[in-house]
Amino acid sequence: MADLINLIENWLESLILGWGASQELTLFILQAIGSVVVVIICFVIVIALIWVERKLAGRIQDRFGPNRAGPFGIFQSFADIIKIFTKEYITPEGAEKGFYNVAPVLAIASVLAIWAVFPFAVNVIGADVHVGVLYIVAVGSFGILAILMAGWSSNNRYSLLGASRSVAMLISYEIPMVVSLLVPVLLSHSMKLSDIIGAQQPWWYLIVAPLAALVFLISSMAEIGKAPFDLLEAESELVAGYHTEYSGMKFGMFYVAEFLHQYTVGALITIFFLGGWGGPMAIQWPILGFIYFHLKTFVVYLVISWIRLSLPRIRIDEMLNLNWKFLIPVSFINLVVVAIADRVMMDFDIARWIYVGIMFGLNIFILFVSLFLAGKAKPEVERETFPTRPVAVPPGTKSK
Amino acid sequence: MVPVLVFAAVSLVTLGAAIAVVTNKNVLHSAYFLVLAFVGVASVYVLLEAPFIAVIQVLIYIGAIAILIIFAIMLTRRLMSKDMEQRNHQWFWSALGALVLFGVLGWLVYSANWPTVEGAVPKDPITLMGQELLTTYVIPFEIASVLLLAALVGSILIGRESDQESRSAE
Amino acid sequence: MSIPLNWYLVLAAALFSIGLYGVLSRRHAIGMLMGIELMLNAVNINLVAFWRYIDPAKITGQIFAIFVFTVAAAEVAVGLALVIAIYRNRNTVVVEEIDLLKE
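Chain order of the listed sequences is E, C and U.
So for the first sequence, our numbering puts the first residue at -9; every next one is plus one.
So for the second sequence, our numbering puts the first residue at 2; every next one is plus one.
So for the third sequence, our numbering puts the first residue at 905; every next one is plus one.
Honestly, the hints are just simulated from the structure, not real lab data.
Just so you know, not all the hints are guaranteed correct.
PhoX-like, lysine-lysine: derived pairs with alpha carbons at most 20 angstroms apart [as the list claims (entries may be wrong)]:
| # | chain 1 | residue 1 | chain 2 | residue 2 |
| --- | --- | --- | --- | --- |
| 1 | C | Lys26 | E | Lys87 |
| 2 | E | Lys73 | E | Lys87 |
| 3 | C | Lys124 | U | Lys962 |
| 4 | C | Lys26 | E | Lys182 |
| 5 | E | Lys77 | E | Lys45 |
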């Protein structure tokens, strides 16, 4: 019972081998079934997440979330799905048909493909490639292509503007994301995801490399387009950005891709910085590892939602300044310092907790120095400050 | 049997996409087909048991170069809707030349006696690559980084709007 | 090794010839650049195929391929900056119309 997933897999394997299939065909069928199961799990999770998000947003904004469709509104997601399925597809005139239809599929495919390399438990992993970290970054860049395709083929000025701005932001924020991802790779001496998780027991990389975790969190939030970086779909500015002209299930695919991407980023932070499936008794009972993984991912998802619902949107030039002038130097310096410290301490063979303490101290030191230096930078544009004056004055009163 | 089928499918997709790149009237559509050609080439690398090169191909070519090309096409469209003739006056002779080159190369490939080895792929290619890059090939490594720095600075300088142009645009 | 080395080399040769046709016969400057990218990809396929079939123990073939990636990326960046600068000055990207130096 403890090793439920492998139990099911072994039973299926013996079943298919018993039907007379060759070894390779059995492997292929099992992998196909596995990927279908992962995709179904992803979509079911997204349905639950939409409800959680709307309820959470409601409560943080001091209102009820949806509470009509079933007790506590739990059937709201299903109502949304039915609505999206039955909406009419309105294709704008002059849109390039093929690419217009392919773009939402590509967006959701690029997010689902990341799930192929996730280790859910100690011996449950889709594909344990040697270059797991690079694979994740590479597949994420397909989503950027989908946005460009969607923006251009809609034949709409605002879509194109929204797509160009969002692509400029996305490719800029890939750099600190990749560089801060290199820190766990450096510390665990491998690019395989199972090795990275294995090297994190019992000290999670959140404690050994907190600055890398922070930089990765910020740049991932920019990558998924959540506030304060959400000018990809700033409703008040660009209508709806690159998915203005999409309706019905095509828009539904972009919507699902966005939620799934947020959950995937939570999973990435869990794997790289929070110890993945690690936890008490996770190795003896792998099913517990599966539960820990999803629990930690859900916590990170809630943190990202919390940040999203509390902060205002920042302007595009401020955002690009933040990236090029703060995040990239900080992440590079962090990488260099961690690399040097790791190499020096490797020669001395010191106890693990002293190593963790020194790394933690170094990270906090770099963070404070960079925040101090960033605070001293003068803003480029001198803003005129006007004296305050009351805007609406009742007739008959003297203004101050 | 299965590798042969996979190779046939992958090479069909790659060559078909490449032909679409060089013959399509709409240069943006050729850019999309170029992305498909890159995906095909990455699959060829996976067939050749070089997963690191395959992932680097997707990361660099599709994640950076293709996006850059599409951006540049979007920035330099004169008229949004008109597609012009894409073949210049020497297209027939260049097609002939390309065919002749392919024939010569194919004949060369089949008449040479390649010393193939049934060797095994190293178990940890990335560690090996890291060591080689920093010991045997450290000079090309450093020169490559200087080249990238020069390309970075040069492309920013060349592509920048001069102050005159931005003033006249206001 | 059920796929002989010759097949990979012929695939690379075909890709190279198609890229060559693209460079020689396109009018759009970026179209020519895409042909050059196809040629560089063909060269990379050759390098990795030779690495796999002739000496897989040494990693030299893959390192050579990585350097080709680096040079291709640098070249695309500078080439596209040039195309954009030319477009700003001459308002055209058709290479036949950029002929001020011709007599």
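* Can you give the numbers of the hints that this structure goes against, from lowest to highest? -> 2, 4 and 5
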